[in-house]
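There are 2 protein chains.
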Amino acid sequence: MSLFEKHQGAIERAIQANRERVFYAHYPENPKAYGEEAPAAGLHAFQVSMNTDFSELLQQQPIRFEGEEVSPYLQTGLGIRYPVFADKIVVMRAKEAMKQWRKVDVQTRAGILVESLERMKNRFFEIAHATQHTTGQSFMMSFQASGPHAADRALEAIAMGYEELTRFPQEVVWDKPMGKFNIQLRKTWRAVPKGVSLVIGCSTFPTWNTVPGMYASLITGNTVIVKPHPKAVLPIAIVIAELQKVLAENGIDPNTCQLAVDSSKFPIAKEFVAHPDVKLIDYTGNSVFGNWLEAQQILGKEVFTEKAGVNPVVIESVNDLKAVADNLAFSLSLYAGQMCTAPQNFFIPAGGIQTAEGHKSYDEVVAALTAAIEGIASHPKMAPGVLAALQNDQTADRIKQVAGMGKKVLVGSHAFANEEFAEARTASPLLLEVDASDKATYEKELFGPIGIVIKTKDAAEGLQLATELVAAHGAISCGVYSTDATFCEQAADAFAEVFVPVSFNLTGPIYLNQHAAFSDFHVTGGNAAGNASFADPNFINRRFVWVGQRYA
Amino acid sequence: MSLFEKHQGAIERAIQANRERVFYAHYPENPKAYGEEAPAAGLHAFQVSMNTDFSELLQQQPIRFEGEEVSPYLQTGLGIRYPVFADKIVVMRAKEAMKQWRKVDVQTRAGILVESLERMKNRFFEIAHATQHTTGQSFMMSFQASGPHAADRALEAIAMGYEELTRFPQEVVWDKPMGKFNIQLRKTWRAVPKGVSLVIGCSTFPTWNTVPGMYASLITGNTVIVKPHPKAVLPIAIVIAELQKVLAENGIDPNTCQLAVDSSKFPIAKEFVAHPDVKLIDYTGNSVFGNWLEAQQILGKEVFTEKAGVNPVVIESVNDLKAVADNLAFSLSLYAGQMCTAPQNFFIPAGGIQTAEGHKSYDEVVAALTAAIEGIASHPKMAPGVLAALQNDQTADRIKQVAGMGKKVLVGSHAFANEEFAEARTASPLLLEVDASDKATYEKELFGPIGIVIKTKDAAEGLQLATELVAAHGAISCGVYSTDATFCEQAADAFAEVFVPVSFNLTGPIYLNQHAAFSDFHVTGGNAAGNASFADPNFINRRFVWVGQRYA
Numbered sequence: 013m014s015l016f017e018k019h020q021g022a023i024e025r026a027i028q029a030n031r032e033r034v035f036y037a038h039y040p041e042n043p044k045a046y047g048e049e050a051p052a053a054g055l056h057a058f059q060v061s062m063n064t065d066f067s068e069l070l071q072q073q074p075i076r077f078e079g080e081e082v083s084p085y086l087q088t089g090l091g092i093r094y095p096v097f098a099d100k101i102v103v104m105r106a107k108e109a110m111k112q113w114r115k116v117d118v119q120t121r122a123g124i125l126v127e128s129l130e131r132m133k134n135r136f137f138e139i140a141h142a143t144q145h146t147t148g149q150s151f152m153m154s155f156q157a158s159g160p161h162a163a164d165r166a167l168e169a170i171a172m173g174y175e176e177l178t179r180f181p182q183e184v185v186w187d188k189p190m191g192k193f194n195i196q197l198r199k200t201w202r203a204v205p206k207g208v209s210l211v212i213g214c215s216t217f218p219t220w221n222t223v224p225g226m227y228a229s230l231i232t233g234n235t236v237i238v239k240p241h242p243k244a245v246l247p248i249a250i251v252i253a254e255l256q257k258v259l260a261e262n263g264i265d266p267n268t269c270q271l272a273v274d275s276s277k278f279p280i281a282k283e284f285v286a287h288p289d290v291k292l293i294d295y296t297g298n299s300v301f302g303n304w305l306e307a308q309q310i311l312g313k314e315v316f317t318e319k320a321g322v323n324p325v326v327i328e329s330v331n332d333l334k335a336v337a338d339n340l341a342f343s344l345s346l347y348a349g350q351m352c353t354a355p356q357n358f359f360i361p362a363g364g365i366q367t368a369e370g371h372k373s374y375d376e377v378v379a380a381l382t383a384a385i386e387g388i389a390s391h392p393k394m395a396p397g398v399l400a401a402l403q404n405d406q407t408a409d410r411i412k413q414v415a416g417m418g419k420k421v422l423v424g425s426h427a428f429a430n431e432e433f434a435e436a437r438t439a440s441p442l443l444l445e446v447d448a449s450d451k452a453t454y455e456k457e458l459f460g461p462i463g464i465v466i467k468t469k470d471a472a473e474g475l476q477l478a479t480e481l482v483a484a485h486g487a488i489s490c491g492v493y494s495t496d497a498t499f500c501e502q503a504a505d506a507f508a509e510v511f512v513p514v515s516f517n518l519t520g521p522i523y524l525n526q527h528a529a530f531s532d533f534h535v536t537g538g539n540a541a542g543n544a545s546f547a548d549p550n551f552i553n554r555r556f557v558w559v560g561q562r563y564a
Numbered sequence: 013m014s015l016f017e018k019h020q021g022a023i024e025r026a027i028q029a030n031r032e033r034v035f036y037a038h039y040p041e042n043p044k045a046y047g048e049e050a051p052a053a054g055l056h057a058f059q060v061s062m063n064t065d066f067s068e069l070l071q072q073q074p075i076r077f078e079g080e081e082v083s084p085y086l087q088t089g090l091g092i093r094y095p096v097f098a099d100k101i102v103v104m105r106a107k108e109a110m111k112q113w114r115k116v117d118v119q120t121r122a123g124i125l126v127e128s129l130e131r132m133k134n135r136f137f138e139i140a141h142a143t144q145h146t147t148g149q150s151f152m153m154s155f156q157a158s159g160p161h162a163a164d165r166a167l168e169a170i171a172m173g174y175e176e177l178t179r180f181p182q183e184v185v186w187d188k189p190m191g192k193f194n195i196q197l198r199k200t201w202r203a204v205p206k207g208v209s210l211v212i213g214c215s216t217f218p219t220w221n222t223v224p225g226m227y228a229s230l231i232t233g234n235t236v237i238v239k240p241h242p243k244a245v246l247p248i249a250i251v252i253a254e255l256q257k258v259l260a261e262n263g264i265d266p267n268t269c270q271l272a273v274d275s276s277k278f279p280i281a282k283e284f285v286a287h288p289d290v291k292l293i294d295y296t297g298n299s300v301f302g303n304w305l306e307a308q309q310i311l312g313k314e315v316f317t318e319k320a321g322v323n324p325v326v327i328e329s330v331n332d333l334k335a336v337a338d339n340l341a342f343s344l345s346l347y348a349g350q351m352c353t354a355p356q357n358f359f360i361p362a363g364g365i366q367t368a369e370g371h372k373s374y375d376e377v378v379a380a381l382t383a384a385i386e387g388i389a390s391h392p393k394m395a396p397g398v399l400a401a402l403q404n405d406q407t408a409d410r411i412k413q414v415a416g417m418g419k420k421v422l423v424g425s426h427a428f429a430n431e432e433f434a435e436a437r438t439a440s441p442l443l444l445e446v447d448a449s450d451k452a453t454y455e456k457e458l459f460g461p462i463g464i465v466i467k468t469k470d471a472a473e474g475l476q477l478a479t480e481l482v483a484a485h486g487a488i489s490c491g492v493y494s495t496d497a498t499f500c501e502q503a504a505d506a507f508a509e510v511f512v513p514v515s516f517n518l519t520g521p522i523y524l525n526q527h528a529a530f531s532d533f534h535v536t537g538g539n540a541a542g543n544a545s546f547a548d549p550n551f552i553n554r555r556f557v558w559v560g561q562r563y564a
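Sequences listed follow chains B and V, in order.
With the first sequence counted from 1, adding 12 to any position gets you the working numbering.
With the second sequence counted from 1, adding 12 to any position gets you the working numbering.
None of these hints come from the bench; they were simulated from the model.
Check before you lean on any hint, since a few could be wrong.
[Said to hold, decoys possible] With a cut-off of at most 27 Å between alpha-carbon atoms, the simulated DSS-like pairs for lysine-lysine come out as follows: (1) LYS107(V) / LYS282(V); (2) LYS133(V) / LYS188(B); (3) LYS334(V) / LYS192(B); (4) LYS100(V) / LYS277(V); (5) LYS334(B) / LYS107(V); (6) LYS334(B) / LYS188(V); (7) LYS291(B) / LYS456(V); (8) LYS192(B) / LYS44(V); (9) LYS111(V) / LYS100(V); (10) LYS469(B) / LYS419(B); (11) LYS291(V) / LYS456(B); (12) LYS188(B) / LYS44(V); (13) LYS192(B) / LYS393(V); (14) LYS44(B) / LYS192(V); (15) LYS188(B) / LYS192(V); (16) LYS133(B) / LYS188(V); (17) LYS291(B) / LYS192(V).
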């Protein structure tokens, strides 16, 4: 049985899930689904990987080994070094591997790629520990985001790719009646890959944000170079190692997907970007570098970005104020605001809001929000579980810097204890309050656990300001609270026009931060927060070119 | 019955045709299919339109009327003036109209757009005369290219748009099992149009090259400004006038699609391009302006180009040399090489080629080609019928300039008589011969009836040079002649890697110039000859953004 036959059912279900967009998870997010022995085995595997050289890759002849990962929980280096290669060698190998990979049919490609996800699945727990100790996420988020959710996003991209590549016939007879005779041509079409694909990872979601572009490029016949953030290598190194093994087992050059590790001191992303053979670039990270990358499109490169956004919440009216405040506080607190989808700006009307329990003043709304945030931050179990740890010191510094700007502080940020990891780098959310006129404070992304309450004349002004901000600076998520159907429709229209998805009236255990594979397009690609979307048809179709042949 | 119901069958057949890519023509290319009275009525309508102001548009309050079309057959002005509007007013109206059009559902949009093609159909003969007397095409080509073939390309774009916009559900209930309870969200998705769409026409194919982008933008909810070439306005003005009438009849602002005429003296394309509300740009024309347009993508504009290409023919071996020479001579001669798909560079091995009648020397191959070209150029009926007329004097000047470069002239260009139009601007093909080393001569597009025989060491060198040229300068079509299956496969691979479609061994009445709607992707979008393709999924999907809404 070929790998395609083995995984055909999974591919077909994923294609259907992409189309239907109702709930679908190929990989269960509950850790218990993976067997009783998996947790201990994963922890053990992670522990033995520390303080060693990572030797699983099938890439030959590294020039040296390097590594600089530091656990946000231990605040000590992981001691893992990765093979380093000259960038020109990496591109040369990618180009060489492409001679073979481009000729592999889409069924075989899909079979190999899904098989690699199955191998990744066997290491979800190990990847979870690797993610926790590089990103600072909680263990549960590390498991879900870097494991099943990432694998589902990869499968989503494979399925979308499979569907697009099989959308047109490989061969037909074109038979044109000309009156007394017919003209016949045999026609064939090929989906021709664009070239070497570079995927630049980020420090907070090293697999979730990397695998969509990586698998989208691979299914469409491009070979891939993954350049991870030097502080978050191990999770994606494990994924690539497993993929390389599957490639090699199937007679495919493992350089079809390479890991290219660099260091903070000697970054190599720009060398890869400038290389003429690199035609596709996927990127998650800050807007300055993202905008520079997008400008490379005039050199004929296709660039897929996810950059910074300023995510707003507009409150017009609610049923249950406490439930709303709890939901928003959780959204802001989850992984200490280090999700690209975390809310930052909370627009609250100066005149207060209507609730099912009557009118609540502005101060009461703010008080509910601050109480909810403090409730998480001061809770000995919730604080470490929800807020987790800060990935890096710059985020800790940013909190201090923003707190010291002289704005009204509604909730101060403080470190909190983590029983399991005494050295964890922690910070609870900082909540500021500013007037609507103080755009300078709230118009940019303040990455980390920083929220801003913005006092607006009324809800309409909040909607107006939020829409303007998204139009100017981009956003990845957005929340609206209103029991007024007309206001909701206005908000849906306004935010659609600036290309941002909106979540209405979320309470309980579902948050605007969460974007589900096979249902929510992640980033729309339409505003300044990014030019690509996981995984809409553009995410696939921009990676290859339909080329026809006609034979008389 | 709604317009959608009226045309649903046509839309569904077109969607199926897009997928199957076998022969399909919704609008027959045979003029006889349109009734006995249509030809005379069309001629009459064209004649009465001359020397009058074009008053069919539903755009209000022009600031003046202007027109500068000159018939290449009569070499006198058509005397037709078109309403002119300030560019800012045009964009303002487009933006205003979009408030309504973006909210019109895709079924209604599709019904209106297909209905406009049906109205266009009633004027195919008038459009044919308008095309002949602006582009210099023969009447038959004018009829087919600007009439049924253009309408088919428009329908192809509508169908591809309809398919993409209905690909995901408008609304679902997302129901996630959480163990003890389920999370339910109502989710909706909208295909949000990107903004005002500018379509810049060319002087040689004023409807064929304009309607794909125009209808692709319209079906996806964008409003459109068509800026035709000032020397070729009438054909597309008729199409837009018919569309505006259908829009108005259905209560839609006719400014949903506007004609924006400029003049050679005061061009306004750049003003439109620079306007912040213009988000989509379609363009057919020279590479200098096309490259400038593509660079506007760093300002967040989506740009779709068809630019210059250098189309090669590689001859390795043939069955019937005369049949091949006849076919190639016709391809070069058709509309005097003013098709973007016309061949320019003929790579012929110095050692000659194998044929079914034995080996033919290089000189014999060249002699067959020159004889075939001269056969058309000297034939009193074929010359005017096939070569037609030159659209403008620059092309006539280019022929003289190239002929005077001091290269070996295999066939000289000369004017020929046109019995019907004594004043027609005519020129037969110029055929040069250069050595493979003389790249400076053949590496750029020499627009018009100019062919170059390039003497190569062998067929492999011809393939190599042709591939390099396509990689560096782009191509839209390509011909290969070989009876060797291995060589054909090498050529298919080599040209696929530089993203150009190849036609193999065409003889008889099918030419590499011809790209059929619903089957051949026109331009691949992968090389320097253009970044878009009629009508692949990218041609549609780049015009709108999927935006989701989630309701708790």
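We went through each hint and held it up to the structure:
Restraint check for LYS107(V) and LYS282(V): the C-alpha separation of about 18 Å stays at or below 27 Å, so the hint holds. Straight-line distance between C-alpha atoms of LYS133(V) and LYS188(B) comes to about 21 Å, which keeps the hinted pair within the 27 Å bound. Between LYS334(V) and LYS192(B), the direct Cα distance comes to roughly 23 Å. Compliance with the 27 Å bound is thereby established for this hinted pair. With a C-alpha separation of about 19 Å, the suggested pairing of LYS100(V) with LYS277(V) holds against the 27 Å cut-off.
About 42 Å separates the Cα atoms of LYS334(B) and LYS107(V), which puts this hinted pair outside 27 Å; it is violated. Of the pairs offered as hints, the one joining LYS334(B) and LYS188(V) holds, with about 24 Å between alpha carbons and a cut-off of 27 Å not exceeded. The straight-line distance between the Cα atoms of LYS291(B) and LYS456(V) is roughly 24 Å, inside the 27 Å bound, and the hint therefore holds. A distance of roughly 15 Å separates the Cα atoms of LYS192(B) and LYS44(V); the hinted pair therefore holds under the 27 Å criterion.
Simply put, LYS111(V) and LYS100(V) have alpha-carbon atoms about 17 Å apart, close enough for the 27 Å limit, and the pair holds. Of the supplied pair hints, the one linking LYS469(B) and LYS419(B) holds, its CA atoms being roughly 19 Å apart against a limit of 27 Å. Proposed proximity of LYS291(V) and LYS456(B) is supported: the alpha carbons are some 24 Å apart, at most 27 Å. The hinted pair formed by LYS188(B) and LYS44(V) meets the criterion: a straight-line CA distance of about 17 Å does not exceed 27 Å.
Among the hinted pairs, LYS192(B) with LYS393(V) is consistent with the structure: their alpha-carbon atoms are about 22 Å apart, no more than 27 Å. At roughly 15 Å between alpha-carbon atoms, LYS44(B) and LYS192(V) fall within 27 Å of each other, so this suggested pair holds. Of the supplied pair hints, the one linking LYS188(B) and LYS192(V) is violated, its CA atoms being roughly 61 Å apart against a limit of 27 Å. Between LYS133(B) and LYS188(V) the alpha-carbon distance is near 21 Å, which keeps this suggested pair within the 27 Å criterion.
Of the pairs offered as hints, the one joining LYS291(B) and LYS192(V) is violated, with about 48 Å between alpha carbons and a cut-off of 27 Å exceeded.
Of the hints listed earlier, those the structure fails to meet are numbers 5, 15 and 17, in rising order.
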